[in-house]
Amino acid sequence: MRNMTRFDRVLLLVTGLLAAHQVVIGVEGLETLVVFSYTIAFGVLLVACLLLIILGYDVLDSPVVVVVSTIIPLSLSLGLVAEYLPENVYLYLVFVLLGFLAVVITRFVAPGRVAVIVLAVVHGISGLLITFLPVYLSLSGVTSPGFILVGVGGALIGIGGLLLAFLKTGKPILPRATILQVLPVQLLLMTASFVAGFALG
Amino acid sequence: MATTTINHHSLEVLSKLKAKYWPLIKSLQTGLLLVTGVAGYASCRCPILNWGELLGLVSSLFLAISGSTVLNMWHDRDIDAIMSRTCWRPLPSGVISPREALYFGLLLSALGVGWALAMDTLYGTIVFAGLFIDVVVYTVWLKRRTAWSILWGGIAGAIPVLAGRALGIGYVDWIGVTLALSVLFWIPTHILTFSMRNYDDYQRAGIPTFPSIYGFQATRTAISISSVLAAISMALAAYGIGMMVGYLRLMGVLSAGLLLLAVASLVRPSERVNFGLFKYASLYMLSAMLLLVIEAF
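Protein sequence lines correspond, in order, to chains A and B.
Residues 1 to 201 (my numbering) make up the first sequence, in order.
Residues 1 to 297 (my numbering) make up the second sequence, in order.
Bound conformation, chain A alone (with noise of 0.2 Å):
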């Protein structure tokens, strides 16, 4: 296991303080569930960073990773479905529950190949929800061009997802050792996209 180094945990660091301050001011003055969905995607960002810092690259191998990284893109999508397809909202939210519930069950019930199906579908419908739908409503003028840079976040979110997923599933896609080296920078990118998206949108 790669060790963490003294910039790895900087990186960490300002990634929690951004989602600390995106978890502050940036979701004001929005309706209940679309604050609440936010609140639990970034707070969920800001533990995590704490936990890496705290215990290091280790924490990466408690079976709760792959649970608490499928809490980001859900709820985040989540947030974004609320708030700009109200129409769609309790669809969505029945995907979400039922597609969690999914994840943690596979994970502890039945690991193996249906875990990663479950896995890839829920995480797959949540990130392209991230990617795409904030670059579709920059682009048709509902919001600021700024907001593009949400969807750049869901991209990265996707991107590091996979990697994590993949080397969950013990079929990595990189080296260990680079995906280990890329993740804090990873985060990083991701979270500011995030968090100068909501700003500028």
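Just so you know, these hints were derived from the structure itself, not from any lab.
No experiment lies behind these values; they were computed from the predicted model shown.
Note that the Cβ used here is the ideal one computed from N, Cα and C, for glycine as well.
Warning: the hint list may mix true and false statements.
What the hints assert, rightly or not - Quick look at which bits of chain A chain B covers, simulated, 3 or more residues with Cβ under 8 Å:
#, stretch
1, 11-24
2, 136-150
What the hints assert, rightly or not - Some residues of chain A that are not near chain B, with every Cβ distance over 10 Å (derived):
#, residue
3, F7
4, V34
5, V59
6, V65
7, L85
8, P86
9, V89
10, L101
11, V109
12, R113
13, A115
14, V116
15, G158
16, K171
17, I173
18, L174
Use these hints to put chain B onto chain A, whose structure you have.
This is chain B only, laid out in the frame that chain A set:
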């Protein structure tokens, strides 16, 4: 030329003194308690920031906390020498003589309490009570007799935040007491996790701890309960202060992290989870107190 030589010499002397005495005051612990004191003061949200009073608060608390820590080290030098975690400290390692440490501790304590009393009688009395509880009740009387001594250590640790708020508003109110309770309940999370990690050391020194008297599982339960109570107290105090909704949300997120780790420590106990809880609890208290300060300014 002569002035330059004298200045250089003075700096050298100061640097040597710092190297000798600084390890006596447990700078991290003192720093964290100082932050709680400043947070208690900032929680008053005084419309006009009084830099003189703030400087007095920081200086008097620093002296009083450092003084009590030095006296604690002076009294516990025999058990520090037995424990591998503490045998390097200045007293057991012979860098400083016991008499020197005793005088140094008494001097710092007298200066801190005296300064605090000169600033405000109520504030000074609370600071003195904290010092008395820490040195006499906790260190001298109870630490070697009962595992429950940590409760008194916790009360002493909760004094700076209470004193800071009392200095700001001029009386003791329920918010100050609740802030103090949040520190009081946080301290078992910190100390009990610590006593599990250093179980053998404490056993060797013959210090009664929760893990040695009640076992590890009961200790983990106590940690979880105290974490929940710390988070509830902090939330209550933040609400009473009238904290902005955004900061309350952030406090909620940090508290949720603490609760989840406490539950994980109870359900799936391991060395890693215990260590994570121990570190996170400190980070949680520091963040919560800094939030109070940031929000006030």
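Results for each hint:
1. 11-24: n = 3 at 8 Å, threshold three: holds.
2. 136-150: Coverage by chain B is violated here, the residue count being 0 at a Cβ distance below 8 Å.
3. F7: holds (20 Å)
4. V34: holds (13 Å)
5. V59: Label violated. Min Cβ-Cβ 8 Å, cutoff 10 Å.
6. V65: Fine: 13 Å to the nearest Cβ keeps V65(A) off the interface.
7. L85: holds (24 Å)
8. P86: With a cut-off of 10 Å, P86(A) remains clear of chain B, as the shortest Cβ separation is near 22 Å.
9. V89: holds (21 Å)
10. L101: L101(A) clear of chain B: closest Cβ-Cβ about 18 Å, beyond 10 Å.
11. V109: Consistent with the label, V109(A) stays out of reach of chain B, its closest Cβ about 17 Å off (over 10 Å).
12. R113: Holds, since 26 Å exceeds 10 Å.
13. A115: holds (19 Å)
14. V116: Check passes; 23 Å lies beyond 10 Å.
15. G158: Fine: 24 Å to the nearest Cβ keeps G158(A) off the interface.
16. K171: holds (26 Å)
17. I173: I173(A) is indeed farther than 10 Å from all Cβ atoms of chain B, at 27 Å.
18. L174: Holds, since 26 Å exceeds 10 Å.
Consistency with the previously given hints fails for numbers 2 and 5, ordered from lowest to highest.
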